[in-house]
Amino acid sequence: DAKTTQPPSMDCAEGRAANLPCNHSTISGNEYVYWYRQIHSQGPQYIIHGLKNNETNEMASLIITEDRKSSTLILPHATLRDTAVYYCIVRATNNAGNMLTFGGGTRLMVKP
Amino acid sequence: EAGVAQSPRYKIIEKRQSVAFWCNPISGHATLYWYQQILGQGPKLLIQFQNNGVVDDSQLPKDRFSAERLKGVDSTLKIQPAKLEDSAVYLCASSFEGTYGYTFGSGTRLTVV
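Chains as they are written, first to last, in our numbering: chain W, 1189 to 1300; chain X, 739 to 851.
No lab work stands behind these hints: they were computed from the structure. No experiment lies behind these values; they were computed from the predicted model shown. It is possible that part of the hints are untrue.
Stated by the list, open to error - Simulated restraints, written as ranges between beta carbons of each label pair:
id, chain 1, residue 1, chain 2, residue 2, range
1, W, Arg1269, X, Lys809, 33 to 39 Å
2, W, Gly1217, X, Gln779, 25 to 31 Å
3, W, Thr1193, X, Ile776, 42 to 48 Å
4, W, Asp1199, X, Arg747, 17 to 23 Å
5, X, Asp801, W, Pro1300, 26 to 32 Å
6, X, Gly778, W, Gln1233, 15 to 21 Å
7, X, Gln755, W, Gly1203, 45 to 51 Å
8, W, Glu1202, X, Leu777, 22 to 28 Å
9, W, Asp1199, X, Ile776, 22 to 28 Å
10, W, Thr1193, X, Lys749, 42 to 48 Å
11, X, Gly766, W, Asn1241, 25 to 31 Å
12, W, Gly1203, X, Pro819, 23 to 29 Å
13, W, Ile1262, X, Glu823, 36 to 42 Å
Beta carbons are placed, not taken as given, at the ideal position from N, Cα and C, and that holds for glycine.
Required output: the full structure, derived from the provided sequences and hints.
Put into structure tokens, the structure is as follows:
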């Protein structure tokens, strides 16, 4: 699976949009981009995933560049409860292992 | 639906002792994973089961770690003997047919002193 690069930490003001970038320049054509987050003392939680098109759900939006070499997770109105480590992962769903390989993630701090 | 259950929540042991962690996945989820998360790092996969068979255990330190999933449901991860560097959170996750929806448990925090 392709590796990803994320900034180690970011701050965001409460109520503002949080834009978390991820670089995955070696992504293959059959690899999806997944985002998980981990709130302190909890297990990682699935947020969203996509292949080519932008995706939106009740938690966030995922913007993938046309060349698919980078993406941005957008939390439209960040709250204090969004403070967490956010992991960007690329994975081929037809991978026999289907395993998630986590990097270091981005520690997002939402401030009042 | 009920989540992935793990126990115990916390465990403190002395080095060279043994310890076991238990995981009950979501009903119907055939795939089960054990991850190790050292403080400040992302989770690292230790072993993956499909039903009661091992799919991948390449990152499992087999000289001291063992895992089983009897009857394709519950799973147990054991460490014997424990070392100081085994101090970590051990996370269990399950998924339905290996699709995107991993569900993680809250983990077991192990401290080896």
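Tested hints:
Separation of W/Arg1269 from X/Lys809 is about 38 Å and conforms to the stated range, judged on CB atoms against 33 to 39 Å. Remark: the range hint 25 to 31 Å for W/Gly1217 to X/Gln779 is upheld by a beta-carbon distance near 30 Å. Remark: the range hint 42 to 48 Å for W/Thr1193 to X/Ile776 is contradicted by a beta-carbon distance near 20 Å. Against the hinted window of 17 to 23 Å, the Cβ-Cβ separation of W/Asp1199 and X/Arg747 comes to about 31 Å, which falls outside the hint.
Roughly 49 Å separates the CB atoms of X/Asp801 and W/Pro1300, a value that falls outside the hinted 26 to 32 Å. About 19 Å separates the C-beta atoms of X/Gly778 and W/Gln1233, a value consistent with the hinted range of 15 to 21 Å. Between X/Gln755 and W/Gly1203, the C-beta spacing of about 49 Å keeps the proposed range 45 to 51 Å intact. For the pair W/Glu1202 and X/Leu777, the supplied restraint of 22 to 28 Å holds, since their beta-carbon distance comes to about 27 Å.
In this structure the supplied range 22 to 28 Å holds for W/Asp1199 paired with X/Ile776, their Cβ-Cβ distance being about 25 Å. At about 35 Å, the beta-carbon gap between W/Thr1193 and X/Lys749 misses the expected band of 42 to 48 Å. Restraint check, X/Gly766 to W/Asn1241: a C-beta distance of roughly 29 Å satisfies the suggested window 25 to 31 Å. Remark: the range hint 23 to 29 Å for W/Gly1203 to X/Pro819 is contradicted by a beta-carbon distance near 51 Å.
A hinted range of 36 to 42 Å for the beta carbons of W/Ile1262 and X/Glu823 is consistent with their spacing of about 38 Å.
Figure legend: structure checked against the earlier numbered hints; hints not met, in rising order: 3, 4, 5, 10 and 12.
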